[in-house]
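Chains X and F, in that order, are what the protein sequence lines are. Position in the first sequence (first residue = 1) + 146 = the working numbering. Position in the second sequence (first residue = 1) + 267 = the working numbering.
Warning: the hint list may mix true and false statements.
What the hints assert, rightly or not - Here are some chain F residues the structure puts well away from chain X; computed CB gaps all over 12 Å:
#1 E376
#2 E436
#3 E487
#4 E642
Unchecked claim - With a straight-line Cα cutoff of 20 Å, these simulated SDA-like cross-link-like pairs (lysine to any residue) come out:
#5 K677(F) - N398(X)
#6 K618(F) - N398(X)
#7 K531(F) - E409(X)
#8 K187(X) - K460(F)
Source of the hints: derived by calculation from the structure; they are not laboratory data. Ideal Cβ placement from N, Cα and C applies to all residues, glycine included.
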Amino acid sequence: MYRIVEKKTLSETVKLMKIEAPYIARNAKAGQFVMLRIDEKGERIPLTIADSDRENGLVTIIFMEIGKTTKELGTLKVGDNILNFVGPLGKPSEIERYGRVACIGGGVGIAPLYPIIKALKQVGNHVTSILGARNKSLLILEEEINNWSDELYIATDDGSKGLKGFVSDVLQKLIDEGKTFDIAWVVGPVIMMKVVANLTRKYNIKTVVSLNPIMVDGTGMCGSCRVSVGGKTMFACVDGPEFDGHLVDYDNLMQRNNRFIEEERESCKLAGVL
Amino acid sequence: MAVRKTKYEMPEQDPRERIKNFDEVPYGYDADTAIKEAQRCLQCKDKPCVLGCPVGIDIPRFIAAIKEGDFDKAIKIIKEKSNLPAVCGRVCPYEEQCEGNCRLKKIGEPVGIGRLERFVADYEREKGITIPSKPKPIDKKVVVIGAGPAGLTCAGDLVKMGYDVTIFEALHAPGGVLMYGIPEFRLPKEIVKAEVDYITKLGVKIIYDVVVGKTIPMEEILEEYDAVFIGTGAGLPRFLGIEGENLNGVYSANEFLTRVNLMKAYLFTEYDTPVKIGRIVATFGAGNVAMDCARTALRLGAKKSYIIYRRTEKEMPAREEEIEHAKEEGVEFKLLTNPIRFIGDERGNLKAVECIRMKLGEPDESGRRRPIPIEGSEFKIDIDTALIAIGQSPNPLIPQVMKDLKLGRKGNIEIDEMGRTNIPGIFAGGDIATGAATVILAMGAGKKAAKAIHEYLSN
Ligand SMILES: Cc1cc2nc3c(=O)[nH]c(=O)nc-3n(C[C@H](O)[C@H](O)[C@H](O)COP(=O)(O)OP(=O)(O)OC[C@H]3O[C@@H](n4cnc5c(N)ncnc54)[C@H](O)[C@@H]3O)c2cc1C
Ligand SMILES: Cc1cc2nc3c(=O)[nH]c(=O)nc-3n(C[C@H](O)[C@H](O)[C@H](O)COP(=O)(O)OP(=O)(O)OC[C@H]3O[C@@H](n4cnc5c(N)ncnc54)[C@H](O)[C@@H]3O)c2cc1C
Ligand code: SF4
Ligand code: SF4
Ligand code: FES
Numbered sequence: 147m148y149r150i151v152e153k154k155t156l157s158e159t160v161k162l163m164k165i166e167a168p169y170i171a172r173n174a175k176a177g178q179f180v181m182l183r184i185d186e187k188g189e190r191i192p193l194t195i196a197d198s199d200r201e202n203g204l205v206t207i208i209f210m211e212i213g214k215t216t217k218e219l220g221t222l223k224v225g226d227n228i229l230n231f232v233g234p235l236g237k238p239s240e241i242e243r244y245g246r247v248a249c250i251g252g253g254v255g256i257a258p259l260y261p262i263i264k265a266l267k268q269v270g271n272h273v274t275s276i277l278g279a280r281n282k283s284l285l286i287l288e289e290e291i292n293n294w295s296d297e298l299y300i301a302t303d304d305g306s307k308g309l310k311g312f313v314s315d316v317l318q319k320l321i322d323e324g325k326t327f328d329i330a331w332v333v334g335p336v337i338m339m340k341v342v343a344n345l346t347r348k349y350n351i352k353t354v355v356s357l358n359p360i361m362v363d364g365t366g367m368c369g370s371c372r373v374s375v376g377g378k379t380m381f382a383c384v385d386g387p388e389f390d391g392h393l394v395d396y397d398n399l400m401q402r403n404n405r406f407i408e409e410e411r412e413s414c415k416l417a418g419v420l
Numbered sequence: 268m269a270v271r272k273t274k275y276e277m278p279e280q281d282p283r284e285r286i287k288n289f290d291e292v293p294y295g296y297d298a299d300t301a302i303k304e305a306q307r308c309l310q311c312k313d314k315p316c317v318l319g320c321p322v323g324i325d326i327p328r329f330i331a332a333i334k335e336g337d338f339d340k341a342i343k344i345i346k347e348k349s350n351l352p353a354v355c356g357r358v359c360p361y362e363e364q365c366e367g368n369c370r371l372k373k374i375g376e377p378v379g380i381g382r383l384e385r386f387v388a389d390y391e392r393e394k395g396i397t398i399p400s401k402p403k404p405i406d407k408k409v410v411v412i413g414a415g416p417a418g419l420t421c422a423g424d425l426v427k428m429g430y431d432v433t434i435f436e437a438l439h440a441p442g443g444v445l446m447y448g449i450p451e452f453r454l455p456k457e458i459v460k461a462e463v464d465y466i467t468k469l470g471v472k473i474i475y476d477v478v479v480g481k482t483i484p485m486e487e488i489l490e491e492y493d494a495v496f497i498g499t500g501a502g503l504p505r506f507l508g509i510e511g512e513n514l515n516g517v518y519s520a521n522e523f524l525t526r527v528n529l530m531k532a533y534l535f536t537e538y539d540t541p542v543k544i545g546r547i548v549a550t551f552g553a554g555n556v557a558m559d560c561a562r563t564a565l566r567l568g569a570k571k572s573y574i575i576y577r578r579t580e581k582e583m584p585a586r587e588e589e590i591e592h593a594k595e596e597g598v599e600f601k602l603l604t605n606p607i608r609f610i611g612d613e614r615g616n617l618k619a620v621e622c623i624r625m626k627l628g629e630p631d632e633s634g635r636r637r638p639i640p641i642e643g644s645e646f647k648i649d650i651d652t653a654l655i656a657i658g659q660s661p662n663p664l665i666p667q668v669m670k671d672l673k674l675g676r677k678g679n680i681e682i683d684e685m686g687r688t689n690i691p692g693i694f695a696g697g698d699i700a701t702g703a704a705t706v707i708l709a710m711g712a713g714k715k716a717a718k719a720i721h722e723y724l725s726n
């Protein structure tokens, strides 16, 4: 059992929780994730480790309430327990001193990007963060990310904050202004990662994306999370979740993430959470 | 009185009924039938049956106890050697092992050793299991990685000797393949839980949600414990490597069975994990895993369930009983057929598989005749779901974090006949060492390693 010791609402649909999990807190690195299961009948779902506090043995997760499990998780209170919480899984991000780094996050993808930004900054990179959301009220972690970024840009679909448009538009603008980047990290909806990767390919900017396929065990045992990278099948939970953004077959990933869409809807309807 | 030539029947659920539920297929013997079956045993002095049992259960002795109606004594005799009798009595390939060596085979069917073992194990469980008294504690700590049959057996034996034993398990449940792989209708999960319960009552601590090498670094484990047993199994699924394998509707056997068994997707929406089955399901492969997939598909409502296999029935690696059960339930076998690509619709959903017909050529290194494609014989089969059951490879995680561990050609951990790896104090066994094998071999390996660990820690 893993106790919830803190809970915050970051936006209409995004919540933050700190969970007591000392082993994971001690060993977690940027880019890794946990698998959790709320109760006996629950599904195992992956969530990125957004932060970890070794001294107090706490792991931070930030999640968007999108379906049955994440909505149910959102109803839990401080002091409640999560039945299973396992990690840190996946390969950590390759944090090095690259020079000028663009960190691009969209929607709830901003959460997993946060520890990467922090780690990149801590080793001395120049970090330009570009955050995107549908509107201002859905934007999360702006202040936290600002603290670790040299430059911060914001894009919203409706123009309620920052530039009206997509994160890719901001990146294009910065490149047009003559800014250069040695590497880019992109985390967000699959379609966003695809668009940004297409752009960075044009300018030959090495690009790392963090993929979010549907997982079951998260330990390399089932192949549910398989993705096609450079024509090779990889298991995102053990070979990733980060991959070379220029080699990923995004269309296949989008297709595979819709595998259980009808079942997910039914399960939400029955639980009365949709 | 002449010995009856055939085993006493074990009643089973009617095939037409059982494909509508996940309840266990055979009902097991009642006490009378068990005693009658036990009377068939010749009590051979040289005990050929025992040689066939990888854990060396004293078979004639436990059968004699059943004959006398002393079931408590019978189970005690079995438990001298096996910590998981209710499991083995169900899934052991006894026809090749203990029963394969039974002297009665000369005149007819062997003694139903598996059925008798199952009977006494069930008898004990229903009555309430008695826990043996605790041995004198030994002040040494052993860690077991993985709660599959190999790990559970090794841990059980060590705790009985008095060691302080902890198992770390990556998943949220014990049993390994017993829990996530073998379906409910063949091995009810309540039984696995009860057998594991016995081991924890002996004093073994099982800690879930710990992926050793990730949650706890290997170095910390090596520092804290006096000996290590690695029983992490062969969990890495193999794929066919053909076009279209990432289409929606193509599952590895592991994903499909884990969703259904461990996550209970057959009870969706009561449980949250979904599985999609479609109308026509094709399973590729012909081992136990493939039979489990094809039979599970029927129970989930598939209208048709095919086994597609590139050789003939003679070469199928599954147990005969499983093949029989699959046939009775209506699984169709498409033999001498090999898939060459999966075909999807515009939304990426699987809709057909293209196959090619095969013929058998000369025997290959496994002794089975090699299948050869017949040119120009390609044809399509409409399917909604494909289940890939062509085998699993050893779990690569521990070797990845212990670079100096000596590996075999297939990524398996190399051990000697006592379960010792090349590193002193580190032992291994089960599927991680042999590649995908059987429950009882994994248990046998766990037992041997427990002995070797005892020897190592006594010096
Ligand atoms: C490595 C990894 C890290 C992740 N980190 C985070 C995170 O930090 N914060 C966060 O909010 N989410 C994260 N996700 C996504 C998160 O796992 C899914 O949102 C969650 O599983 C949805 O579960 P549900 O039962 O609430 O929704 P469901 O009812 O299962 O699904 C609702 C909708 O989400 C889609 N969906 C289902 N599973 C996934 C998935 N794995 N990824 C994307 N879409 C999915 C479905 O197609 C459906 O449209 C991560 C995913 C991965 C693989
Ligand atoms: C569908 C199916 C049907 C089968 N049917 C039969 C049958 O009828 N009869 C038969 O005899 N055999 C059968 N087998 C084979 C048999 O189940 C296996 O040979 C046996 O379970 C192997 O036992 P094991 O203990 O070596 O490994 P496993 O049972 O695979 O257990 C390994 C355990 O280790 C855990 N683990 C892995 N890595 C780590 C880590 N780093 N940290 C912590 N834990 C870890 C895993 O989660 C797992 O629980 C079947 C197998 C399958 C898949
Ligand atoms: S454990 Fe298996 S091989 Fe040994 S006696 Fe029992 S059924 Fe036979
Ligand atoms: S070989 Fe058969 S008949 Fe002989 S003791 Fe063993 S079980 Fe009995
Ligand atoms: S989630 Fe099962 S292999 Fe990755």
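Taking the hints in turn, this is what the structure says about them:
The beta carbon of E376(F) is kept farther than 12 Å from every beta carbon of chain X, the shortest such distance being approximately 38 Å. With a cut of 12 Å on Cβ distances, E436(F) falls inside the contact zone with chain X, its closest approach being about 10 Å. Listed as outside the interface, E487(F) is inconsistent with that label: its C-beta sits roughly 9 Å from the nearest C-beta of chain X, within the 12 Å cut-off. No Cβ of chain X approaches the Cβ of E642(F) within 12 Å, the least distance being about 27 Å, so the stated non-interface status holds.
For the hint linking K677(F) to N398(X), the alpha-carbon distance of about 30 Å lies beyond 20 Å, and the restraint is violated. Proximity of K618(F) to N398(X) is assessed by CA-CA distance (about 16 Å); at most 20 Å being required, the pair is judged to hold. Among the hinted pairs, K531(F) with E409(X) is consistent with the structure: their alpha-carbon atoms are about 14 Å apart, no more than 20 Å. Annotation: proposed proximity of K187(X) to K460(F) holds, straight-line Cα distance about 17 Å (limit 20 Å).
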